[in-house]
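Chemist: One letter stands for each residue in the lines below.
Protein chains: 2
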Amino acid sequence: MGDVTSASAHETTPAKRRGRRPAGQDTKTALISAAREVFGEVGYDGATVRAIATRAGVDAAMVNHWFGGKENLFARAVLELPFDPRDLVAQLLSGPMENLGERIVRTFLTRWDTGGGDIFTALVRSVAGHDQVAHVLRDLFLNQLFSKLVGPGDADRPELRATLCASQLIGMGMIRYVAKFEPLASADIETLVDAVGPNVQRYLTGEL
Amino acid sequence: MGDVTSASAHETTPAKRRGRRPAGQDTKTALISAAREVFGEVGYDGATVRAIATRAGVDAAMVNHWFGGKENLFARAVLELPFDPRDLVAQLLSGPMENLGERIVRTFLTRWDTGGGDIFTALVRSVAGHDQVAHVLRDLFLNQLFSKLVGPGDADRPELRATLCASQLIGMGMIRYVAKFEPLASADIETLVDAVGPNVQRYLTGEL
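Protein chains in written order, with the numbering used here: chain A, 1 to 208; chain B, 1 to 208.
No lab work stands behind these hints: they were computed from the structure.
Be aware that one or more of the hints could be misleading.
Identical copies look the same in the list; a pair holds intra-copy or inter-copy alike.
Derived lysine to aspartate or glutamate pairs resembling EDC-like cross-links, with alpha carbons at most 20 Å apart [stated by the list, open to error]:
#, residue 1, residue 2
1, Lys180, Glu159
2, Lys148, Glu182
3, Lys180, Glu98
4, Lys180, Glu71
5, Lys70, Asp84
6, Lys28, Asp194
7, Lys70, Glu159
Here the structure is a predicted model, which is why all the values come from computation and not from measurement.
The whole structure should be built from the sequences, with the hints applied where relevant.
Modeler: Below is the structure:
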């Protein structure tokens, strides 16, 4: 599912085709299927990377290679998060630090708006309903995403800043997609980038 | 339930006892009971102020007198919100405008922390689960609370500002009480007043 982009990029540049790529995509797909089965059978804590890899018929090292660990595999396979946090961090950090807050707001709204907010709503239901999912999302959003965005600015209390950023983004999503309070629910993305971006920026680099 | 404070204040100052007070409390209690029954039987849209008052055996004008309308009565009786937005607005506005954001954060955290966040969690479940509840909460939080807090500053786009304030407060509650991401979940109230207050203030009076 998440490989649509790279697969079509592939088709338009056949000269660059390399032998290992399709095999890699097969490995990813097999791991996602196996992960859904194993997480479904024994739960998040009971599922081991080894068991998932065995079910997929690949080496356990492939889980780290393609997903960076069990948390991300769970996020992609079960929560169906449509992105890898490692890609997102790299993308967000490519630009001036003083506009990072605006880039974060624009990026999240653009992704969440796709599909009419279903991604965000599913995410909130997951957090509210299951402790183990909350645990995975905490790891994803704080350790793998926001902590890495706060880090480069060398600010005090990076963990608090990361949770403050998360609070504003989750709140914006709640109002836009779940409660649907107007005018925020229908505001265009750049209006919200201007309104919310500087507040996220203060959490990243400002004085708290 | 909500009358515990005034009832006990009453007992300690018997000299100030006035005839109409207990009757008023009886009327409020009767209206809350009747409202729970009628809302439960015919739903929010089907319930009329007149039907609730008739069930309680009081005049329909008492609903406006004690609750300011059907929305507030629903909020107090069914959602069990422990405050009247009219009191809250008056309390928050008594102080300098430039610190209003901090007072808002302090007031909400103090109320929500009481009971370990159950109030907030119930509120989010209500919004996510029922369109009619979302409608009532939108009226309460936007029309009766935040619009009145934004208004006095004479700022542009007051409706957008009100929803932005709501987004930050709801997000803070989500992280603190529902997702329980540390260190925000255990941070003391004044740390969060310093961190979040200025961001709420920007939504109230700053340039967007």
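Chemist: The structure should be examined with respect to each hint, and the outcome stated for every one.
Modeler: Hint by hint, here is what the structure shows:
Taking the closest pair of Cα atoms, Lys180 and Glu159 come within 20 Å of each other only across two copies (13 Å); inside a single copy the shortest separation is 30 Å, beyond that limit. In this assembly of identical chains, the alpha carbons of Lys148 and Glu182 lie at most 20 Å apart only when taken from different copies (16 Å versus 33 Å within one copy). For the homomeric pair Lys180 and Glu98, neither the shortest alpha-carbon distance inside one copy (30 Å) nor that between copies (29 Å) is at most 20 Å. Taking the closest pair of Cα atoms, Lys180 and Glu71 come within 20 Å of each other only across two copies (18 Å); inside a single copy the shortest separation is 30 Å, beyond that limit.
Proximity of Lys70 to Asp84 under the C-alpha cut-off of 20 Å is restricted to the intra-copy arrangement: shortest distance 13 Å within a copy versus 47 Å between copies. For a Cα distance limit of 20 Å, the shortest separation of Lys28 from Asp194 qualifies neither inside one copy, at 38 Å, nor across copies, at 45 Å. For the identical chains of this complex, Lys70 and Glu159 are neighbours neither inside a copy (22 Å) nor across copies (43 Å), given an alpha-carbon limit of 20 Å.
Checked against the numbered hints given earlier, the structure breaks hints 3, 6, 7 and satisfies all the rest.
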